[in-house]
Amino acid sequence: MRTFAYLSADDVATAVQAISTEPGAKFLGGGTNLVDLMREGVEHPDTVIDITRLPLTGVEELPDGGVRIGALVRNSDLAGDRLIRGRYPMLSQALLTGASAQLRNMATVGGNVLQRTRCAYFYDGTAACNKREPGAGCDAIGGFNRNHAILGTSEDCIATHPSDMCVALAALDAVVEVESVRGKRRIPLVDFHLLPGGTPQVETALEADELITAVELPPSPLAATSRYRKVRDRASYAFALVSVAAALEVADGTVTGVRLALGGVAAKPWRAYEAERVLLGAPATEESFRLAAEAELAPAVGRSQNEFKIELAKRAVVATLRQLLTEGGAA
Amino acid sequence: MTSVGTPVPRVDGLLKATGTARYTADIPFEDLTHAVLLQATIARGRIASIDASAAEAAPGVLLVLTHLNAPRLPRMRAFAKGGSAQQTVPALQDDRVRFAGETVAFVVAESQEQARYAAMLISVEYDEEPPAVGLHGDAYPPAKVNGQPPDYRRGDAERALADAAVTVERTYRTPVHHHNPIEPPVTIASWDDDGGLTVHEAAQGGVHMMRLGFAEALGIPRRKAGSIRVVSKFLGGGFGGKGFMWPRNILPAVAARLLGRPVKLELTRAQMYTSGGYRSETVQRLRLGADRDGRLGSIVHESTSTGSDMGEFPEPCAQITQMLYACPNVTGTHRLVRQNVGVPTFTRAPGEGPGSFALESALDELAGELSLDPLELRLRNYAETDPEHDRPWSSKGLRECYSEGAERFGWSARNPEPGSMRDGRWLVGYGMATAAYSSHTWPTFARVRIRADGTAVVRCATTDIGTGTYTVMAQVAADALGVRPGDVTFEAGDTRYPFAFPPVSSSGARSIGPAVRAAALAVRTRVARLAVKDRESPLFGADAATVRAIGGGRLARADDPERYDTFVDVLERAGLGHVEERKGYGVMPFLHSTASGIAPWPVGPLLRVATRPFAGRYSTYDFGAQFVEVRVDPDLGVVRVSRVVGVYDIGRVLNPRTARNQAVGGITWGIGMALMERTTTHPRLGKYTSPNLSGYLLPTNADVPDIDVHFLDRPDPLVNPLGVKGVGELPVVGVAAAIANAVHHATGKRVRSLPIGPAELLG
Ligand SMILES: Cc1cc2nc3c(=O)[nH]c(=O)nc-3n(C[C@H](O)[C@H](O)[C@H](O)COP(=O)(O)OP(=O)(O)OC[C@H]3O[C@@H](n4cnc5c(N)ncnc54)[C@H](O)[C@@H]3O)c2cc1C
Ligand code: SF4
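Those protein sequences? They're chains A and B, same order as listed. Counted the way UniProt numbering counts, the first sequence spans residues 1 to 331. Counted the way UniProt numbering counts, the second sequence spans residues 1 to 763.
It should be emphasised that the hints constitute simulated quantities derived from the structure, not laboratory data. Careful, some of the hints might be misleading.
Unchecked claim - Listing some non-contacts, in silico: residues in chain A with all C-beta distances to chain B over 12 Å: (1) THR3; (2) THR21; (3) GLY143; (4) ASP173; (5) GLU179; (6) GLN201; (7) LEU241; (8) GLU294; (9) GLN305; (10) LYS309; (11) ALA319; (12) ARG322.
What the hints assert, rightly or not - Across the chosen pairs, the derived CB separations fall in these ranges: (13) A/GLY198 with B/GLU158: 41 to 49 Å; (14) A/GLY86 with B/GLY748: 39 to 47 Å; (15) B/GLU384 with A/GLU327: 39 to 47 Å; (16) B/SER371 with A/ASN105: 34 to 42 Å.
Each residue gets a CB set at the ideal place from its N, CA and C atoms; glycine is no exception.
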């Protein structure tokens, strides 16, 4: 590990001021991702700005019935929050399937949004990785890529965004609020993460000097009947092979509302607009679910080891929708 | 009032639970320096240049060793040839890179952080060559497999196959496994002014064997090996990964000698994947031939595993096939394919682990072909005697393990039709397999001392690798002495104590236990002899040989238990601070007379003596039956083990609590092996892709269901006077096959390549 300077900020103004004058600086949330990456030599900020004392730890109800989540709310606190559990159960579930209890106790909302891929070659400083070193090549293509992306990939990078929380946020039309010395901006979560294209090193719409201050969830009656389902190689404490966040509303056997997003399949939490389009107004049947899943995954591309994820993703979509139909949302 | 057989809690439980047990890394040392390894990032080639000047100039750096300046080190004698090493090629001797992760530099600094930083500053240029990856190349026979020839033949298996009414021919695969103990390996080496070396090690390999290894590596003549002390008090698991001498053990001692200061090396988790061996991947071809009643006429088991330029360890997969079933014609072969990887080594049930996956899966497939219950198929081929050596078993309760296990599990409720059993949407499957393991009796000495206060201390150089040796051996000594286990302290893990072979191959209880018992009985008899000659003793004039221990540190006349003396009184009247005796077990008579228990005995001869079939008239194995229920999500191919019943014949159970702990741990390994454990290698680069616990999945609590463990608890008096066999690795054996068999029963899908997951079940 290299030496670096450590600063701590007590208010947002100080934090954004500090980063604007320290181009090589990084914010430190729970540190569960950043510190690992620094240890592995993947990230080497000159300065680390500790933001855990910022007063951004509230989960508040908004006048319109939505919810505003401070960027420094810990993942476990958010999962257990009464508002979230009641109105957006898929988000609570998604958080609880992530990492381990100890990690969730440390991890913050802002850090979770910005966590980086778990591609093994990204972590291995001796491997070729375009994301770490643009132009170096991609050892995952043709290498160990069992957990890699099947949608929105490029020949430069096939990494996934590993967050569970963000999959639910994508389905819930969440908006990320960011702030810098230039002021505030609001970025819809579905536009926040970027597909790799020819620049896999550019992962988000966030500028280097911007701080995430909050995530807002619009009101969604639909979301009260929602679920998050994660398929993984062991029962707990593993990243998703594929995950599904879904909310479903059915009237007279017809789908009248649906929100669907997939995790573990792309460099961003994958909002399944195409599947939603197929489903809306369709009969709420297993057949429709399958058609919707097929439509969403039609452009999917498998690599040497992850071909199975295409079928797995389809089945996970169908299974989650079926469960919503027959058993309702999660308690 | 005997302690053996009762669930005495671990004596080190509180220490470990409160974090006060002092593991090797916790030992404070004055003037300590810290080392880190720099490892090769390519799997094959040459170091074209290595520049350590920036590292040498970095703050706190004391020494940087590379192949350019490292002292010359000898090739190590292989374990299989009586030595202590699996990797025989020493580190830092030339510019060749033979596997990714080979040590290319060793950096010592005042602090670990400084050493790590300096290592980053070393620039290495490689001339890369394409590495050999995977089991694709030419196969060749190893010299030996576990001391046996690579090929085994009984009858004519090929001909019997051709004649068989029913045959099954399948290929099974298992991936690379890593030991992954929770505690990273640590070595602290320090030389004293007289040229003596003390090494604190997390040493599953046994302190005496390591002492010999250090002597060999450092050019210290064997007769002077007594100047080397190796200490290992607590181990956070080993599972084969902390046995033997590897370069990581040797380099700290080399550097400490150059620096004149103690050097500590603690591996990172990633380095654990390349610095202490692993279990080779295997490809196993199984051919079974049977008659229509399911009687096996032929088995051919051909196993291929990884060979290395650095040493040789064939995974002995086919050996279990040679003894498990009554089959007249059996061929077992072992082959290696050279790869650019480190040397494999013993890993949790070596051979039997992956070997039983292949054999017991194939048997299940045969049962399917015959429409026969898998358990019935095993009973029809029950080996009443050892078919390999053609002699009786010392004990074999396998039939009872089957019946007890089937009863507890509810095997009779199994609908033989695959896919026929459900619980809601979940598909339910039942599977079973046989377990057998050849635990050994290794030569072991113990010294028991009775002190003036009536308490006792037992010393033996074995190491407690986390299995409960400290507790169980106190129980054994307590019973032999006639005191409470709380009055006995068992001290281990120090070459100053009497010789013990490494506690490998589930041998701890059955090797150490009899030695401890023998020494305890001997010292008790010594006290009795003092008493019967003492006019003031109630035992005066009695025959010392008939004096009995009646508990509480009392010795009584055989004819009159009311007339007794105590250890405390006898020693006090005799004016003795203590009395002690040393005894050996599993030791050939000539060693008894010469071995001081401190002398550095060559491991090889001892090994040969010990592995010679005990008494030669019986075969001894641990046996068991594994029954597993799985639930498979038909949509997603997710497998969850929902129930396990394991019934084991391990001879006498010394402590049901520690024994159960071993069994639950073993079964958990089996679950890991079946469903998630795998080290992946980049197919072209030959490097491990996820050397960490996020990439290498081990079962979490959520993956481990309620496990019902039952021991027959039947002493085997032919094995040793305590009647104990071995427990550690047996419960791993067969679990992966039982799970694969259950998955087949649940889904109709046969997976022959581990681990089993959604990719395998959806495809
Ligand atoms: C072993 C392991 C298993 C895991 N398993 C899972 C899993 O199954 N599912 C899952 O979803 N996640 C998993 N995670 C990832 C975990 O969720 C993330 O590490 C965590 O959410 C990151 O949050 P943090 O606050 O610790 O971020 P940090 O490590 O502090 O920061 C991460 C990044 O975000 C930046 N940052 C942090 N806060 C802000 C802010 N407010 N504004 C701007 N930039 C900011 C930092 O500069 C840094 O670049 C796992 C992690 C580990 C180590
Ligand atoms: S997939 Fe992306 S992150 Fe992984 S090696 Fe390729 S470029 Fe790097």
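**Asked** Would the least Cβ to Cβ distance between A/THR3 and chain B come out above 12 Å?
**Response** At about 8 Å from chain B, A/THR3 fails to clear the 12 Å cut-off, so the statement is violated.
**Message:** I want to verify a distance hint. Is the separation of the beta carbons of A/GLY86 and B/GLY748 within 39 to 47 Å?
**Reply:** holds, 43 Å
**Prompt:** At the C-beta level, are B/SER371 and A/ASN105 separated by a distance inside 34 to 42 Å?
**Reply:** Taking Cβ atoms as reference, B/SER371 and A/ASN105 lie about 54 Å apart, which means the hint is violated.
**Asked** Minimum Cβ separation between A/GLY143 and chain B greater than 12 Å?
**Response** Non-interface label fails for A/GLY143: nearest chain B Cβ at 5 Å, not farther than 12 Å.
**Item:** 12 Å Cβ clearance of A/ARG322 from chain B
**Value:** Check fails; 8 Å does not lie beyond 12 Å.
**Request:** Say whether it holds or is violated: A/ASP173 keeps its Cβ farther than 12 Å from all Cβ of chain B.
**Result:** holds, 27 Å
**Message:** Beyond 12 Å on every Cβ pair: is that true for A/THR21 relative to chain B?
**Reply:** The claim holds: A/THR21 sits with its nearest Cβ about 27 Å from chain B, beyond 12 Å.
**Least C-beta distance between A/GLU294 and chain B, which was stated to exceed 12 Å** = holds, 15 Å
**Prompt:** Is the gap between the beta carbons of B/GLU384 and A/GLU327 within 39 to 47 Å?
**Reply:** violated, 54 Å
**Prompt:** Taking the minimum C-beta separation from A/ALA319 to chain B, is that value above 12 Å?
**Reply:** violated, 4 Å
**Prompt:** Does A/LEU241 really sit off the interface, with its C-beta more than 12 Å from all C-beta atoms of chain B?
**Reply:** violated, 6 Å
**Message:** At 12 Å, judged by beta carbons, does A/GLN201 keep clear of chain B as stated?
**Reply:** At roughly 21 Å from the nearest Cβ of chain B, A/GLN201 sits farther out than 12 Å, so the non-interface label holds.
Against the hints set out earlier in the document, violations occur for numbers 1, 3, 7, 9, 10, 11, 12, 13, 15, 16.
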